[in-house]
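**Q** This is what each chain is made of:
There are 2 protein chains.
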Amino acid sequence: MLGLEEDTVRAAVAGVRRDSGTVASDDVGDIFARASWAGIAEPGDGTAGALISALGARRALAVMLEGVAADRIANEVLDRASIELRVDTIRSGLDRWRPRLVAGDALAALHRAAQRGVSLVLPGDLHWPSGLDDLGDHKPNVLWMLGDRSALTSLSASFAIVGARAATKYGEYVATEAAAGLSDRGFAIASGGAYGIDGMAHRATIASGGVTVAFLAGGVDRFYPSGHHSLLTEITKRGAVVSELPCGASPTRWRFLQRNRLIAAATQATIVVEAGRRSGSLNTAGHAATLGRPLGAVPGPITSVASDGCHRLLREFAAVCVTNADEMAELVTGEAPPTLFDLPGGDGAGVRVLDSLSKRSGRSIHDIAKRSGLAPAEVQGALGLLELEGLVVEAAGAWRRR
Amino acid sequence: MLGLEEDTVRAAVAGVRRDSGTVASDDVGDIFARASWAGIAEPGDGTAGALISALGARRALAVMLEGVAADRIANEVLDRASIELRVDTIRSGLDRWRPRLVAGDALAALHRAAQRGVSLVLPGDLHWPSGLDDLGDHKPNVLWMLGDRSALTSLSASFAIVGARAATKYGEYVATEAAAGLSDRGFAIASGGAYGIDGMAHRATIASGGVTVAFLAGGVDRFYPSGHHSLLTEITKRGAVVSELPCGASPTRWRFLQRNRLIAAATQATIVVEAGRRSGSLNTAGHAATLGRPLGAVPGPITSVASDGCHRLLREFAAVCVTNADEMAELVTGEAPPTLFDLPGGDGAGVRVLDSLSKRSGRSIHDIAKRSGLAPAEVQGALGLLELEGLVVEAAGAWRRR
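Line order of the protein sequences matches chains A and B.
Those letters in the first sequence? Residues 8 to 409, per my numbering, in order.
Those letters in the second sequence? Residues 8 to 409, per my numbering, in order.
There's no promise every hint is true.
[To be verified] Ranges between beta-carbon positions, derived for each pair: (1) B/312 <-> A/341: 48 to 58 angstroms; (2) A/341 <-> B/333: 31 to 41 angstroms; (3) A/297 <-> B/333: 53 to 63 angstroms; (4) B/157 <-> A/397: 44 to 54 angstroms; (5) A/285 <-> B/366: 19 to 29 angstroms; (6) B/367 <-> A/108: 45 to 55 angstroms; (7) A/214 <-> B/214: 25 to 35 angstroms; (8) B/284 <-> A/394: 23 to 33 angstroms; (9) A/388 <-> B/122: 34 to 44 angstroms; (10) B/260 <-> A/244: 54 to 64 angstroms.
[To be verified] Cβ-to-Cβ under 7 angstroms is the rule here; a few derived chain A residues that face chain B: (11) 49; (12) 131; (13) 155; (14) 306; (15) 308; (16) 358; (17) 366; (18) 367; (19) 368; (20) 370; (21) 381.
Keep in mind that the hints were calculated from the coordinates and are not lab data.
Backbone N, C-alpha and C fix where the C-beta goes; we use that ideal spot for every residue, glycine too.
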């Protein structure tokens with residue numbers, strides 16, 4: 008395996024699979040290959056994903072190590088797996104990956120993970136967030152996790168609550184109410200661990216005794232942002248901090264954008280609380296929409312630039328306008344799907360008859376008919392209903408409002 | 008005509024058709040019959056509308072006056088006009104209208120109108136707001152108007168701006184910006200003359216030198232609310248105050264609801280600025296939606312009950328989220344229809360290459376390829392584009408960020 012002793016690899020893998028529970032694959036070679044791919048291909052590399060899905064992580068790595076040419080991979084290796092990839096796509100992939108093929112990198116990441124108590128979660132594991140599989144070839148090959156594995160299982164009923172780093176007091180209030188309200192209703196809350204909305208969502212979930220998961224754009228051994236070190240530490244105790252990047256990896260803009268796809272895919276619906284016009288949380292929203300996940304946006308004052316992004320989502324992205332935890336929950340429970348509502352105005356005859364009555368003087372049906380412009384029979388019917396509702400009263404053939 | 012001398016009727020009609028310009032119908036009998044119907048049938052009475060549309064206002068009135076039985080009207084009179092109305096629908100209509108058939112009422116209303124300078128506008132008149140015709144049998148038979156007839160013509164490019172009486176400072180600010188912005192763009196602004204949002208919309212339009220029209224729920228000789236007497240007087244100078252109710256008629260809840268259909272129908276699109284959960288402006292919104300008119304709602308803080316109705320419109324009524332006059336104008340110009348927008352993130356390779364560059368030290372393409380996880384050829388392509396954008400600079404094969 009990459010020229011390493013099998014015992015070395017086995018020991019390294021054992022260090023990150025200590026509490027793996029039901030293990031999808033105890034194939035040490037596969038696990039090590041997945042950990043290696045995490046350092047070789049950038050998040051969301053669909054060519055790597057297709058290759059791994061066709062050949063398995065180990066074989067895909069071996070093919071690359073053995074220097075098999077792109078056209079042979081396309082025409083022979085993949086052909087047998089009924090996967091089609093263009094030769095130049097594969098060649099470009101090999102050109103991307105080969106410079107990063109350093110034997111010691113994965114080993115170092117695994118050692119570092121073992122030291123920090125980080126464990127690996129693999130596709131097919133009991134705790135693997137099944138929503139990630141909807142990413143297809145763009146799904147992560149492995150998750151690196153600090154905290155409670157069962158928090159990942161809780162993602163099967165969960166919301167992403169995301170938003171601007173530069174949140175206002177209004178946004179922070181809304182994020183707090185949303186996270187508390189949804190976790191009270193039994194949902195886990197996932198977010199990105201950032202300042203502003205993300206942080207408030209995690210904090211409010213913890214304060215409500217709920218489960219929260221933070222997805223990071225770099226290795227989980229390097230908490231980012233550093234100002235959230237104690238919050239992220241708290242999250243590992245009350246949930247999990249997760250990344251597809253190996254330990255030691257630093258966050259980059261690209262990785263933030265790709266991290267957002269994990270947040271959108273791992274959860275059932277995404278709520279954007281506050282977002283500037285070019286906020287990264289719109290990227291998360293875009294992933295949610297692409298995946299067909301329900302997308303909610305919280306409105307705010309049009310005078311606040313921190314709500315511009317939410318308004319764009321409502322206007323241009325068909326996001327659902329959500330103003331409280333009940334409406335957010337409905338995004339996934341479907342208990343009260345958006346419908347046309349009853350317009351104020353109600354029963355015309357009732358309104359018109361009430362309009363024609365006095366509280367002081369009683370009026371005859373004929374008088375009411377003339378005043379309301381209704382036929383006497385319509386007046387009589389309306390009066391009967393209004394009487395049942397306790398809104399009108401009759402004495403000696405004269406009706407008045409109560 | 009209703010037992011009145013023809014000269015009396017002719018004189019009364021002349022008093023309200025002085026400045027009628029191109030007149031759709033100079034048939035005095037028809038005009039008087041329409042004015043009569045305005046006092047006999049309540050606004051929006053579809054049976055009266057169907058009868059008038061089939062027989063003409065004069066004949067419809069005569070049929071009622073002559074005591075023609077409902078089944079004969081259904082089977083003989085209407086049959087020839089190819090209109091179908093059920094016998095019991097007609098009978099119920101006759102029962103509604105007959106108690107109100109008082110010869111002097113229409114005459115009194117016309118005299119009152121003539122004294123106050125109110126004139127009549129008829130369907131087919133040059134100034135008749137053609138949007139009202141979309142109401143079909145529920146359209147008004149006549150409009151009573153104070154002010155400038157040409158203001159009604161301006162409704163062919165117009166917005167309804169409506170909202171809560173109990174507006175907040177935020178709502179008043181938004182209404183002002185919306186009305187000023189839309190009238191600057193050449194649109195007339197219609198509203199209901201009420202306190203709160205309506206009043207601000209009229210005021211801001213006047214202040215911008217625009218044209219504004221107020222639709223009232225009672226006669227235009229009785230300004231309602233009385234606290235808006237000077238505003239409504241001002242509107243008659245800079246636009247028009249209009250009603251389908253005859254002079255002397257008082258506003259009722261039913262008439263407010265029906266008045267709302269005129270606002271929605273006469274304009275090209277309706278904007279709800281602020282509305283409580285059961286606000287009457289939701290009724291206007293409902294009419295707009297029913298008529299297929301574009302409907303915009305302005306979001307606000309979810310902590311403000313004055314925005315609850317707008318959020319319901321966004322959530323349950325597929326209203327378009329509008330946050331400025333440009334977005335409102337787009338509702339009718341269709342210049343920038345809602346579309347999926349470009350997600351922040353952009354070109355993956357560009358972002359990843361920029362992520363991998365330093366401002367201080369230059370890096371080789373090979374180094375950048377390894378850092379970004381891109382193939383050298385992809386790096387080269389991205390660098391070329393970034394160089395064109397002036398974002399990167401090269402010296403002796405080493406690239407750095409500017």
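**Q** May I ask you to test the interface hint for residue 381 of chain A with respect to chain B, counting a Cβ-Cβ separation under 7 angstroms as satisfied?
**A** 6 angstroms, holds
**Q** Is it true that the C-beta distance of residue 388 of chain A to residue 122 of chain B lies inside 34 to 44 angstroms, as the hint says?
**A** 40 angstroms, holds
**Q** Does the interface hint hold: is residue 368 of chain A within less than 7 angstroms of chain B, judged Cβ to Cβ?
**A** 16 angstroms, violated
**Q** Quick check on residue 306 of chain A please, does its C-beta sit within 7 angstroms of some C-beta on chain B?
**A** With Cβ-Cβ at 3 angstroms, under 7 angstroms, it holds.
**Q** A closest beta-carbon separation below 7 angstroms is what the hint needs, so does residue 358 of chain A meet it against chain B?
**A** 5 angstroms, holds
**Q** Can the suggested window of 44 to 54 angstroms be confirmed for the beta-carbon pair residue 157 of chain B and residue 397 of chain A?
**A** 51 angstroms, holds
**Q** Grab the minimum C-beta distance from residue 155 of chain A to chain B and call the hint holds if it beats 7 angstroms, violated otherwise.
**A** 31 angstroms, violated
**Q** With 7 angstroms as the cut and Cβ atoms as the points, is residue 367 of chain A at the interface with chain B?
**A** It is violated, given that the least Cβ distance between residue 367 of chain A and chain B is near 17 angstroms, above 7 angstroms.
**Q** Given residue 370 of chain A as an interface hint, is the shortest Cβ-Cβ distance to chain B below 7 angstroms?
**A** 13 angstroms, violated
**Q** Holds or violated: is the Cβ of residue 308 of chain A closer than 7 angstroms to a Cβ in chain B?
**A** 5 angstroms, holds
**Q** Are residue 341 of chain A and residue 333 of chain B spaced within 31 to 41 angstroms by their CB atoms?
**A** This hint holds: roughly 35 angstroms between Cβ atoms.
**Q** Assuming the hint says 25 to 35 angstroms, is it satisfied by the Cβ distance from residue 214 of chain A to residue 214 of chain B or not?
**A** Since residue 214 of chain A and residue 214 of chain B have Cβ atoms about 49 angstroms apart, the given range 25 to 35 angstroms is violated.
Comparing the model with each earlier hint shows violations of hints 1, 3, 6, 7, 12, 13, 17, 18, 19 and 20; every other hint is respected.
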